[in-house]
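Colleague: Mind docking chain B on chain A? Use the hints.
Those protein sequence lines, which keep their order, are chains A and B.
Under this note's numbering, the first residue of the first sequence is numbered 23, with each subsequent residue one higher.
Under this note's numbering, the first residue of the second sequence is numbered 23, with each subsequent residue one higher.
Rather than coming from a laboratory, the hints here were simulated on the basis of the structure.
Check before you lean on any hint, since a few could be wrong.
Note that identical chains are pooled: a pair holds if it fits in a single copy or bridges any two copies.
[As the list claims (entries may be wrong)] In the DSS-like style, the derived pairs of lysine-lysine whose C-alpha atoms are separated by at most 27 Å in a straight line are:
#  : residue 1 : residue 2
1  : Lys-135   : Lys-170
2  : Lys-135   : Lys-233
3  : Lys-338   : Lys-371
4  : Lys-135   : Lys-284
5  : Lys-338   : Lys-45
6  : Lys-431   : Lys-404
7  : Lys-233   : Lys-371
8  : Lys-284   : Lys-102
9  : Lys-233   : Lys-404
10 : Lys-338   : Lys-60
11 : Lys-481   : Lys-371
12 : Lys-233   : Lys-170
13 : Lys-431   : Lys-102
14 : Lys-431   : Lys-371
15 : Lys-404   : Lys-284
16 : Lys-431   : Lys-338
17 : Lys-284   : Lys-60
18 : Lys-45    : Lys-135
Since this is a predicted model, take the numbers as computed values, not measurements.
2 protein chains.
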Amino acid sequence: MSNLSAILNDIDTHRERYLEELKELLRFPSVSTAPEHKADVRRCAEWLRHHMNSIGLPTQLYETEGHPILVGERRDAPGKPTVLFYGHYDVQPPEPLERWTSPPFEATVRDGKLYARGAADDKGQVFTHLKAWEAVLRHDGALPLNLKWLIEGEEEISSVHLPDFIAQRREALAADYVVISDSGQLAPGLPAITYGLRGIATFEVRVQVAKRDLHSGSFGGAIANPIVVLSKVIARLHDEQGRVTVPGFYDDVLPLQAWERKQFAALPLDEEELRDTLGVPQLYGEAGYTTLERVWARPTLELNGIVGGYGGEGFKTVLPSWALAKISCRLVPNQDPSRIGALVSDYLKQLCPPTATLEVRYLGGGKPVVVNTESPAVQAAKRAIETGFGTPCVFIREGGSIPVVAMFKDLLGVDSLLLGWAQRDCNAHAPDEWIGLDDLHNGIRTAAALLYEMAELGKEEGM
Amino acid sequence: MSNLSAILNDIDTHRERYLEELKELLRFPSVSTAPEHKADVRRCAEWLRHHMNSIGLPTQLYETEGHPILVGERRDAPGKPTVLFYGHYDVQPPEPLERWTSPPFEATVRDGKLYARGAADDKGQVFTHLKAWEAVLRHDGALPLNLKWLIEGEEEISSVHLPDFIAQRREALAADYVVISDSGQLAPGLPAITYGLRGIATFEVRVQVAKRDLHSGSFGGAIANPIVVLSKVIARLHDEQGRVTVPGFYDDVLPLQAWERKQFAALPLDEEELRDTLGVPQLYGEAGYTTLERVWARPTLELNGIVGGYGGEGFKTVLPSWALAKISCRLVPNQDPSRIGALVSDYLKQLCPPTATLEVRYLGGGKPVVVNTESPAVQAAKRAIETGFGTPCVFIREGGSIPVVAMFKDLLGVDSLLLGWAQRDCNAHAPDEWIGLDDLHNGIRTAAALLYEMAELGKEEGM
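Chain A with its partners taken away, still in its complex shape (with noise of 0.2 Å):
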């Protein structure tokens, strides 16, 4: 690997100037769910491809009906895998402006970090891959691998027109192993391989009593009242240990290996610094398992949402006719959504007093996903984090879905390799987002590693 050497030698040289180029991309407003940023979202694409031409990187813009999505490849390495590669370059809206200590389109650093809306989720994770290639290209005019990506403009409103996209272009698009780059370390100095993703079932539950609203003073008392209804339904949920009560929800819950409770446990959380980050009066969870345990490993029966007659200023003496709630469950392997999505509404309807009736919505899932980080592609990315980061990696799971890693499984059959390098209190989706400038070089050194260790891959493995 003497070219890697000289490689990251020239990732180090060429620090500022990526730095320079990065901010030029988180200047776009690519928020994707804001009708009014949709020429923001397209002039954000049109310049990506622009530059990715530019350094050698083909890139085609595809319209959907929604904003396009950049596709190219360089099938460079004849025997070699394939490596899809996803991101995406539309961000979340950056509401509230006023609690942004600088604007969120203009790319500023304090104190080692780059703060703007997208430095993390995604565009600068996505950058990194970006300038490895673009190291390894003008270092030897082809990448040791065959490479296709797909970065997307609706990440942040469910990626809307993507499975469709994806499904007409199954050729196209087929690979070996899918890189993602949209997660992030375990802490400062630990990056991390996440090999684990919560599955997740969700649900819609409304209680009618009456057919309109009533007043409250001329028939409360006299009939249920949907509020107390619901709310006794869902205090019902969970027993007093914090466990699910739905009969049958924990029947195929894979139990957590010794070597991974093991591992959690060493893995550095301060529970005290995360009660005050999230201020919380304590952390809570299911009985038996630690919070690393409650949010990676276990699943849970979440409220979401919840409304019902006037919840506005001051007061209204309705006696509401209803009330809704929204539920998601989150899953672990062995979990399977629709077959929980049958036990909660089941269950849901089970408690239902006759005072009233209880429709249930299921609103549809995902599955969960484990890798095993024994396998030679996981192994790989291990490699290439010591060589980017210079330090040991860590192996942890992440408590949400990510809905493209399924997606990649169902229509490509490829398994996803999920590592990142923004921190968790990055702030995405919320102001003040950032990522560190170190972490951001070490994406790239790992991200041109990544490609010489995977190029040593076998075709197909899986993980």
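Modeller: Here is chain B on its own, set in the frame of chain A:
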């Protein structure tokens, strides 16, 4: 009462003209809560002033910071009692418009009913009194007692400026009795005097966990969920018998008298029909009491609103930082709103687990009211109804509060006589509001008879 017979004949003769005039009054969209209807509210007040002046009721329009108040008087009978009539010319918003069979501000007769916003609440009922007074003045040139009137434009927005207005005009508004027609009959053919009103105490309770909303994937399962916490609190506010569990809640409740339970039981309430009208699977309330007892004479604790997280279309995987509920207690003699306020607040705080914080805001209340049905004033009203409707009246209570009743008691020291002509299913506050044409007509007759009956009462006798 030879005068009265002639006057009743006159009222019968002018029935059609009165209806057409009422239709004119009902065409003003005097929606007090809607800024865009501010001018319409004023136009309605101006129309009323002009109309009242033209029929011998000298009326002035007093400005408030909100909508104007109509005030006037006739001191025609020195030595006779003074009656203060209260009503309101503002109406509820008509929305949803698509559920009206005919436009809400084009009064339309169908099947013996007059449909329009305000037909029952309260323009139609106010108008019956004006027309009765007009008939008396046409015949006698003077009223048989001293009459004052106060017709406000902000009843549907909690009479925000009325208390100050009354407090500043205690002498000008001084009266021996207050008469209000903003209530209803028990059923068709059963005109009623409302002798009891429940009081109210209102609260907002807010549960906070984290200092900001979090991603439910990243943190779900590791901290308490505020919707779950709030639901568990709400779930504990009633026991399995539908009784309120707040310690001390029932301490001051005056038990229902034997005669009341007997009289309530004799009133025709078809529970099957009520269930169908409301569209509820079944009636439900505190064990050991009938439906009428529950809504008229037993205290309740109702949930009037709840909000937390995302309650719109689709789904958001937010782990909300807070959840909030609006609670009201309906009170009966001799419960005191402030004492109940303290008891409920204390209990809610007790129920909050250490994983969250809970704050309660007491949003104010009003005392319950019961008047003596044997008092001369109530008996006078009873005779007036028999004259006007040609049928005996019944004594009922009302589950709601009428805040002005407490206002007149507190500020002027006067009891209110509550008699009205609307039916229980009149759709006040809902689409297709209506009042019966016969009920309107008999209401005018009753209002005329009431003047003569009350002229014979003692002064400052109270009820």
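Colleague: Each hint should be assessed against the structure and marked as holding or not.
Modeller: Status of each hint after checking the structure:
1. Within a single copy, Lys-135 and Lys-170 get their C-alpha atoms no closer than 30 Å, and across copies no closer than 74 Å, so neither meets the 27 Å cut-off.
2. Within a single copy, Lys-135 and Lys-233 get their C-alpha atoms only as close as 55 Å, which misses the 27 Å cut-off; across copies the closest is 23 Å, which meets it.
3. For the homomeric pair Lys-338 and Lys-371, the shortest alpha-carbon distance between copies (23 Å) is at most 27 Å, but the shortest distance inside one copy (29 Å) is not.
4. Proximity of Lys-135 and Lys-284 under a CA criterion of 27 Å is satisfied in neither setting, with 33 Å inside one chain copy and 77 Å between copies.
5. In the homo-oligomer, the alpha carbons of Lys-338 and Lys-45 never lie at most 27 Å apart, since the shortest distance is 49 Å inside one protomer and 29 Å across protomers.
6. In this assembly of identical chains, the alpha carbons of Lys-431 and Lys-404 lie at most 27 Å apart only when taken from the same copy (22 Å versus 80 Å across copies).
7. With identical chains, the CA atoms of Lys-233 and Lys-371 are at most 27 Å apart within one copy only, with a shortest distance of 19 Å there and 33 Å across copies.
8. Neither within a single protomer nor between protomers do Lys-284 and Lys-102 lie at most 27 Å apart by alpha-carbon distance, with minima of 37 Å and 93 Å respectively.
9. Taking the shortest Cα distances, Lys-233 and Lys-404 never come within 27 Å of each other, neither inside one copy (60 Å) nor across copies (35 Å).
10. Proximity of Lys-338 to Lys-60 under the C-alpha cut-off of 27 Å is restricted to the inter-copy arrangement: shortest distance 21 Å between copies versus 39 Å within a copy.
11. With identical chains, the CA atoms of Lys-481 and Lys-371 are never at most 27 Å apart, being 49 Å at best within one copy and 61 Å at best between copies.
12. In this homomeric assembly, Lys-233 and Lys-170 never come within 27 Å of each other (Cα to Cα): the closest approach is 55 Å inside a single copy and 41 Å across copies.
13. Within a single copy, Lys-431 and Lys-102 get their C-alpha atoms as close as 21 Å, which meets the 27 Å cut-off; across copies the closest is 91 Å, which misses it.
14. Taking CA atoms no more than 27 Å apart as the test, Lys-431 paired with Lys-371 passes in neither setting, with 34 Å inside one copy and 49 Å between copies.
15. Taking CA atoms no more than 27 Å apart as the test, Lys-404 paired with Lys-284 passes inside one copy only; the shortest distance there is 19 Å, against 83 Å between copies.
16. In this homomeric assembly, Lys-431 and Lys-338 come within 27 Å of each other (Cα to Cα) only across copies, at 23 Å, whereas the closest approach inside a single copy is 50 Å.
17. In this assembly of identical chains, the alpha carbons of Lys-284 and Lys-60 never lie at most 27 Å apart, being 48 Å within a copy and 69 Å across copies at closest.
18. Within a single copy, Lys-45 and Lys-135 get their C-alpha atoms as close as 12 Å, which meets the 27 Å cut-off; across copies the closest is 71 Å, which misses it.
In summary, the structure is inconsistent with hints 1, 4, 5, 8, 9, 11, 12, 14, 17 from the numbered list given earlier, while agreeing with the others.
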